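Quick note, the sequences are listed as chains A and B, same order. Per my numbering, the very first residue in the first sequence carries number 14; after that it's consecutive. Per my numbering, the very first residue in the second sequence carries number 1098; after that it's consecutive.
Don't read these hints as lab results, they were simulated from the structure. These numbers come from a predicted model, not from an experiment. Incorrect hints may have been included.
To be verified - Distance windows between CB atoms, simulated:
hint: 1; chain 1: B; residue 1: Arg-1117; chain 2: A; residue 2: Pro-97; range: 24 to 32 Å
hint: 2; chain 1: A; residue 1: Gly-116; chain 2: B; residue 2: Arg-1392; range: 44 to 52 Å
hint: 3; chain 1: A; residue 1: Asn-25; chain 2: B; residue 2: Glu-1358; range: 47 to 55 Å
hint: 4; chain 1: B; residue 1: Asn-1342; chain 2: A; residue 2: Asn-25; range: 35 to 43 Å
To be verified - Straight-line Cα separation of at most 30 Å, DSS-like style, residue types lysine-lysine; simulated pairs:
hint: 5; chain 1: B; residue 1: Lys-1372; chain 2: A; residue 2: Lys-87
hint: 6; chain 1: A; residue 1: Lys-146; chain 2: A; residue 2: Lys-19
hint: 7; chain 1: B; residue 1: Lys-1397; chain 2: B; residue 2: Lys-1427
hint: 8; chain 1: A; residue 1: Lys-146; chain 2: B; residue 2: Lys-1345
hint: 9; chain 1: B; residue 1: Lys-1262; chain 2: A; residue 2: Lys-146
The beta carbon of each residue, even a glycine, is placed where N, CA and C say it ideally should be.
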Amino acid sequence: MAVIIKNRQVANNTWQLLRAGGEQTLPAVPPTGDVIVSLAQWQAQKEALLARGGRLGVWLANTDDPANVAADLKHFAVVAVDFPHFTDGRGSSIARLLRERYGWQGELRAIGDVIRDVLFYLSRCGFDAFELKTGEDAQAALSAFDDFSEAYQTSVERPQPLFRRRAAASPVVS
Amino acid sequence: MYIYDEIDQRIVDERVAQFRDQTRRFLDGSLSDDDFRPLRLQNGLYIQRFAPMFRIAIPYGFLASRQLRALAYIARKWDRSYGHFSTRQNIQFNWPKLEDVPDMLAKLASVQMHAIQTSGNCIRNTTVDHFAGVAPDEIVDPLVWCEIIRQWSAFHPEFAYLPRKFKIAISGAENDRAAIQVHDVGLQAQYDDKGNVGFRVYVGGGLGRTPIIGTVIREFLPWQHLLTYLDAVLRVYNRHGRRDNKYKARIKILVKETKPEVFRAQVEAEWAHLKDGPATLTEQEVERIGKRFTRPAYQKLDPLASGYVLAAGRDKAFASWARRNVHGHKVAGYAAVTLSLKKTGIAPGDVTADQMDAVADLADRYSFGELRVSHEQNLILADVRQSDLFELWQQLRELGLATPNIGMLTNIIACPGGDFCSLANAKSIPVADSIQQRFDDLDYLYDIGELDLNISGCMNSCGHHHVGHIGVLGVDKQGAEFYQISIGGNQGNNAALGKVLGPSVSQAEVPEVIGKLIDLYLARRDSEAERFIDVVRRIGIEPFKEHVYGGHHKKPAGREQHVAAA
Chain A
14 MAVIIKNRQV ANNTWQLLRA GGEQTLPAVP PTGDVIVSLA QWQAQKEALL
64 ARGGRLGVWL ANTDDPANVA ADLKHFAVVA VDFPHFTDGR GSSIARLLRE
114 RYGWQGELRA IGDVIRDVLF YLSRCGFDAF ELKTGEDAQA ALSAFDDFSE
164 AYQTSVERPQ PLFRRRAAAS PVVS
Chain B
1098 MYIYDEIDQR IVDERVAQFR DQTRRFLDGS LSDDDFRPLR LQNGLYIQRF
1148 APMFRIAIPY GFLASRQLRA LAYIARKWDR SYGHFSTRQN IQFNWPKLED
1198 VPDMLAKLAS VQMHAIQTSG NCIRNTTVDH FAGVAPDEIV DPLVWCEIIR
1248 QWSAFHPEFA YLPRKFKIAI SGAENDRAAI QVHDVGLQAQ YDDKGNVGFR
1298 VYVGGGLGRT PIIGTVIREF LPWQHLLTYL DAVLRVYNRH GRRDNKYKAR
1348 IKILVKETKP EVFRAQVEAE WAHLKDGPAT LTEQEVERIG KRFTRPAYQK
1398 LDPLASGYVL AAGRDKAFAS WARRNVHGHK VAGYAAVTLS LKKTGIAPGD
1448 VTADQMDAVA DLADRYSFGE LRVSHEQNLI LADVRQSDLF ELWQQLRELG
1498 LATPNIGMLT NIIACPGGDF CSLANAKSIP VADSIQQRFD DLDYLYDIGE
1548 LDLNISGCMN SCGHHHVGHI GVLGVDKQGA EFYQISIGGN QGNNAALGKV
1598 LGPSVSQAEV PEVIGKLIDL YLARRDSEAE RFIDVVRRIG IEPFKEHVYG
1648 GHHKKPAGRE QHVAAA
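Just chain B, with the same shape it has in the complex (with noise of 0.2 Å):
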């Protein structure tokens, strides 16, 4: 956990005294809506379908107990008592008043939190591998340089009002587990052939409406250049970057148009004049932000001492959830544990004010005070005793916390959709529900493995339906909520994008049209060992295509109805 200095505390307090005279300001009317609307947006604050939404930034995911029990006490003060975490490691309330949003800011900022830049067209909030630092299969631990990128990225002067929004990840492992490819900046810590830290850059990645996996423009950029490089991309962007329609503002729209050549070349020149110039990163900067992150203080442990394959052999529900929720550590005798946030019935990622006091307990007693947020909307306890898993998987049973499927087809992610977001054109979190209850078996859920269902409730792909194995899109037609499926697509080293499998379903629908791929996947695979996505890798898109409409096999009802309206 990074922990502030006397600087970084007042740069906090001081937005929220600037955002306190805004929000007075407009509401006395001496600031317009139209001028407000940015400024608020820059501060995460959106009008939505009943209410503002509040985004907070919860900076590449790292929580500490106290900032989480501080998120319950704003939740219960000036919200409805819980909170939803969204796919981009922020957490977001869906109920405040303007007039308390300063007072909430100020409360945030009491604990090192704030919500700078989590919305509008700037550089927003830098996301991470949940399992960063305790991975088995890092190679580089990118927590300094996401501090590092926080800093350069808050408030930059030049950067503040760009064509569209702007996001950046890190992975520093062998799996990326922060779906580089598919944001506007990827890096991808590693080391070069005499030990240097460096990055390989991606550009011009991401979902939305134009789904694209992001082009290598550098393979190895050195750590002193990070901020430099960030520098020059972003100016290049800044400058060249469309302002004519917000759905081609992204940057990937300008990568694409001037061609990904054409673009690196541009950043180079660029970057030519700015190289080794004053924002070049220092040896003395980065340990001092490395010794400003609070390091678990890990025990030697015996693993084989822990007890926990042994009760894992007594309990067959501890069992389940050990292996699907429980992973490697690179400290012998600890794990990794994540806390699931998609309980049949409950939206995914939501977690109320209870549940969030809970937890933060649970962290000081068995991780050190700490949590992580994934971009899989859960939450993850990363240091804990393997020991303990047993007592820990007990109590977070009786909160609710348990659930054994990660990894496993009902960890969907989902945005909030239509139920709250007035940019969706159907809704989000009925779908998950009725797709988790159809598959609510755990042992028909096992026997299918790992898969991964993404739901977005509109083409701007909060849910990252385009990358889930399983890809569902809200769509609107004529006036009503239907729902386009798509499989193939995958985060990670092999990231790809979902192929849409045919003609859009009701909502009644998607649980039966979901059964059938699953149906003709478990017919098809030839072990168990083949997973959902191997299959359609293997055999393609066609097979599911026929079983789900085709011939013998009764149409879905109402498509002919969308056939005629596309």
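Here chain A stands alone, though its shape is the one from the complex (with noise of 0.2 Å):
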């Protein structure tokens, strides 16, 4: 079984990612098993996805926007995000977006070209999960989480930026 790295340690893929082929006709539904749908598909089969058994979760592509998906998150056991390549930022402010902004509280997992070297960013922005690209080795991965031990911004991580933890460790006696 393909395996992901699910908050920091390796992981068994139990989920199915339904893609559209090339013909860009919505995929067949397994009858069974937890299957991670695209937005597209979610919502033109609602119904039967909801009626189905087995979890379900859906996957944004990086040009779908979270508000979109807002409303329906608690029909959902994983929200996925699409990195057609890792340079492609949009899917950390999606991530940033469905955490701090519309509540999910979830898996929130990166799929498609994700490689060990933005783990470290992915994290902060909401990431716990990770479905790395094909050839890399989740194993050692694991290390990336650590390349920084500290970081100067607000993040979905530590909500509190450097400078206010700063602060609060070492107040100012005035």
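Assembling the complex is the task here: the two chains are given apart, and the hints tell you how they should meet.
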């Protein structure tokens, strides 16, 4: 079974990701098992998807607006965001919006061209699960979460920016 | 000079380790060329015409003497004993070996320097007025804000992979010396009527293929909101900026295509969510950053006792240099001094390792151990006692760094061009040299007066040709190098883009065309006070065009060929 990284550990991937084939039609949904469907498929087949057995997830393309899925989040066990290339940073903004604006608390999975060198950034944007691109060694990639021990900015992982945490650690004596 | 604390240092050290590992994986084949490329670019490493080019950040242009000595060390040990200061207050080395770069980074980290985000589609080095903190016309000292932005932009998790590069510039003075209107974001620091600091925010300016002057999207942004507002601007850009065509991917195109008013509304809508959030700046943080800056311990000096004016009266050469290369200072008895890196025969912005060491010594002796790099590719000693000027000048002369041409035609801004850069259509350095040779006579140069001449080797416009009073752009015509001349550009408060004069000319003809532009200017100016740019504005481009190409004047050779090819 293929593996993913979940909560900084290698884990089995129990989900089947359904992507459209070249002809742009919606892929067939297997009758059982956990599936992650595209936003378009969710919007087209909501009732059928909810009626089937097995858990449901949705994946967003880099061009999808997370606002369009915000009201439906309660139906999903996983939300995934696709990176056609790791240098397409749109997925990072989508992740932060899902976490910080639309309140998504469940698994947020990065899929597509995900390499170890972006794990530190992506986890700070709120991803807690990563389906690495083919050929990447998940076990070896785990150390990338610790590439840096600190960061200046606000993030999903640490909403307080460094300057506020620093100030809390050593309050100014006036 | 901002001094790192333990965390700042640790982050830079961890970057060295990260890049060392990435380089190792690339060299052993486990990281592909395609995947390594964007990673190395975010560390300033290009693969260029002959070798990798390595760009090191000089945050907002500030260097301590110990840092300049480290650059000299790097130049000797891993390069060819010289470096090139770029138009973005960075330094570039043209001949490093890829496998040496991790060690070069480690050396840099040991003096609180790095190459973080000096290239790639991310937030680049923030640039500032090179007279920040000392300029007599300064309203707000912008340095604290520069450092706050440096920290916010370093490894920002959401904006590491933008559609395209993103450049921020800040000015806190009446006269904009940081070209803020031609940056992705330009910030003008100012006070409101209650004495609170804030920023006028320009967005969507830029040079390159589609030069655009930035639009003001916020007249006054109170300082507390600086980072949340920048987050909002960047988020709108990251989500909606074009990624289908790299030539249309800068924020200026997004602003233009969505219309500035609509873009502003999108930013405001995003900001409504972020405003007053945890990234809102606090007085405590601004104070903390401010205290980590070393500030010169100025003495109380009597400017009249400096002897500087007397020396200028005795020595004509010193007087010329003092007039051109010495600048006013907000503290009585001090001056800022520009070390010209524009000596004829030397590529603009190039400095040898020996010069770096010597300048570091001069900085220690005369300017509190600090110096700056200007976007005009010169070095600046910002805090020199006026009584030391004559002595300093004598030493600079020996080093070849006292060319008295600041603000003059030969203070040419030029990119590395086709001699080094793989993007360039044409060479820049020999063109700069041929122009400098033609205008080498100082009396003639001074008679011409203030004039900015900028050269770019291609449309990427690293040499800022659009905002030169005279701009020279290298173009490729059927495989041959030609140059398009424009006039009427201007940087600063009255930023303007130059207009193309006419068909492009060969390299050999460039000095002659510049000469004709100058002849017409000298003939048409109403007094010595009327600068070249003023005359272009008053009489327009047509008389210049006529004088260069028109009727009774010989057409530049090769012209017909380009017209036919166009």
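Using the Cβ atoms, figure out if Asn-25 (chain A) sits within 47 to 55 Å of Glu-1358 (chain B). Cβ of Asn-25 (chain A) to Cβ of Glu-1358 (chain B): about 51 Å, so the range 47 to 55 Å holds.
Keeping to a limit of 30 Å between CA atoms, is the pair of Lys-1262 (chain B) and Lys-146 (chain A) held or broken? holds (26 Å)
Take the C-beta atom of Gly-116 (chain A) and the C-beta atom of Arg-1392 (chain B), compute their distance, and say whether it sits inside 44 to 52 Å. holds (46 Å)
Below or equal to 30 Å on CA atoms is what counts here, so check Lys-146 (chain A) against Lys-1345 (chain B). Holds. Lys-146 (chain A) to Lys-1345 (chain B) sits at ~29 Å (cutoff 30 Å).
Note whether the CB distance of Asn-1342 (chain B) and Asn-25 (chain A) lies within 35 to 43 Å or breaks it. With a Cβ separation near 41 Å, Asn-1342 (chain B) and Asn-25 (chain A) satisfy 35 to 43 Å, so the hint holds.
For the pair we were handed, Lys-1397 (chain B) and Lys-1427 (chain B), check the Cα-Cα distance against 30 Å. Holds, at about 12 Å.
The hint says 24 to 32 Å between Arg-1117 (chain B) and Pro-97 (chain A); measuring C-beta to C-beta, is that right? holds (29 Å)
Would you mind confirming whether the straight-line C-alpha gap from Lys-1372 (chain B) to Lys-87 (chain A) stays at or under 30 Å? Roughly 28 Å between the alpha carbons, so the hint for Lys-1372 (chain B) and Lys-87 (chain A) holds.
Given the hint that Lys-146 (chain A) pairs with Lys-19 (chain A), does the C-alpha gap stay at or below 30 Å? holds (15 Å)
When held up to the earlier numbered hints, the structure conflicts with none and fits them all.
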